[in-house]
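Engineer: Listed below, chain by chain, are the residues.
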Amino acid sequence: MKFSTLLSVYIGLVLLLALSLGMAFMPLHGSLKLVVGLAVAAAKATLIVWFFMHVRYQSGLIRVFAAAGGFWLLLMFVLTAVDYLTR
Amino acid sequence: MNRDHISDLPDHLSDSNQRAEMATLGMWIFLTTEVLFFGALFLAFTIYRHKYSADFVAASDHLNVWLGGLNTFILLTSSFFVALAVAAAHAGNRKRTNWHLCATVILAVIFLGIKAIEYHQDFTEKLIPGRHFNVSGTDSSAIAHQQLFFCFYFIMTGIHAFHMIAGTGVMAWMIMKNLRTKEDPMTQTDRIRVESIGLYWHFVDIVWVFLLPLLYLTGLERL
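Line by line, the protein sequences are chains L and A. Taking UniProt numbering, the leading residue of the first sequence gets 1, the next gets one more, and so forth. Taking UniProt numbering, the leading residue of the second sequence gets 1, the next gets one more, and so forth.
The set of hints was computed from the structure by calculation and includes no laboratory data. Ideal Cβ placement from N, Cα and C applies to all residues, glycine included. Hints may contain errors.
Straight-line distance between alpha carbons at most 20 Å, and here's what the computed PhoX-like set of lysine-lysine pairs gives [claimed, not checked]:
(1) K51/A - K126/A
(2) K115/A - K126/A
(3) K95/A - K2/L
(4) K182/A - K95/A
(5) K51/A - K33/L
Partial chain A-side listing against chain L, Cβ under 7 Å, derived [to be verified]:
(6) T32
(7) T72
(8) G158
(9) I206
(10) P213
(11) L217
Based on the provided sequences and hints, a complete structural model is requested.
Structural biologist: Given below as structure tokens:
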């Protein structure tokens, strides 16, 4: 990958970090703060996985395995939430 | 597929491209198990964060957002350098790969140093769960819930730090190996090793990127 691409991704990550920190100091409602915070974290993770971890260039086989962890996490969180939120 | 020119390729692989792909696949499988590992901790934290939200927010207030943010910046920068190391390895430049790995290791050590400072601060502020845990307030269940937050904080950041120490150790080993073989051209094995530690390091970075909002950023707003 070209240096300029890696540098752009890095700068993007640092800007997202600045956004995270800036938002933490804004008077938002607690759960909204958490949701937006996690959304920004997910954006950072996507940049890291797609560019730094080279998933952008990988075959379908690798991409499926890379996505498997996230998919399992989704199942676990959603099904647990369904339990707790319906008590 | 003509394998005559490849002397060290095991029988089950047909060419060196497949070898590289299988190495990457193996590392991703390992990282998936790590997702399971950290995921369970994140899930447990999320359940209690939902259940005792006010107490968890109050507990999070004790953490130093600036140190957490600084550490995140350091870790993101270390990921950038590891990505550069992988690019240098692809270009076959052993010296440049090594310099970038050195930068990553230095940043990792700085991160761990800041973490140690934070842990020390937590110790002096009596935030370590156990007999000496003490936060302001008289409601005993609220205090118990805050102590629960700190159980999660120490376990999650502690296990993360352990992963960082392991990764730093592997990179230090690679740096030493590179120094010993610095005149030799980079082999595919060298390249695969750098790619693998790169994948591992980016994963450790991603875990921290999620720890930051959950542990540090949901406290009360004050500068």
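Engineer: Now tell me, hint by hint, if it's right for this structure.
Structural biologist: For each hint, the structure was consulted:
Restraint check for K51/A and K126/A: the C-alpha separation of about 24 Å exceeds 20 Å, so the hint is violated. At most 20 Å may separate the alpha-carbon atoms for a hinted pair to count; K115/A and K126/A meet this at roughly 16 Å. Restraint check for K95/A and K2/L: satisfied, since their Cα atoms lie roughly 18 Å apart, inside the 20 Å limit. With a CA separation close to 7 Å, the supplied pair K182/A and K95/A stays within the 20 Å bound.
Between K51/A and K33/L the alpha-carbon distance is near 16 Å, which keeps this suggested pair within the 20 Å criterion. Annotation: T32/A was flagged as interfacial toward chain L, and the flag holds, the nearest CB pair being 4 Å apart, inside 7 Å. A cut of 7 Å between beta carbons decides the hint on T72/A: the least distance to chain L is about 6 Å, and the hint holds. This hint is violated: G158/A has a C-beta 20 Å from the nearest C-beta of chain L, more than the 7 Å allowed.
The beta carbon of I206/A is positioned within 7 Å of a beta carbon in chain L (closest approach about 5 Å), and the interface hint is therefore held. The criterion of a C-beta within 7 Å of any C-beta in chain L is met by P213/A, whose closest approach is roughly 3 Å, and the hint holds. At its closest, the beta carbon of L217/A sits 4 Å from a beta carbon of chain L; the interface hint therefore holds under the 7 Å criterion.
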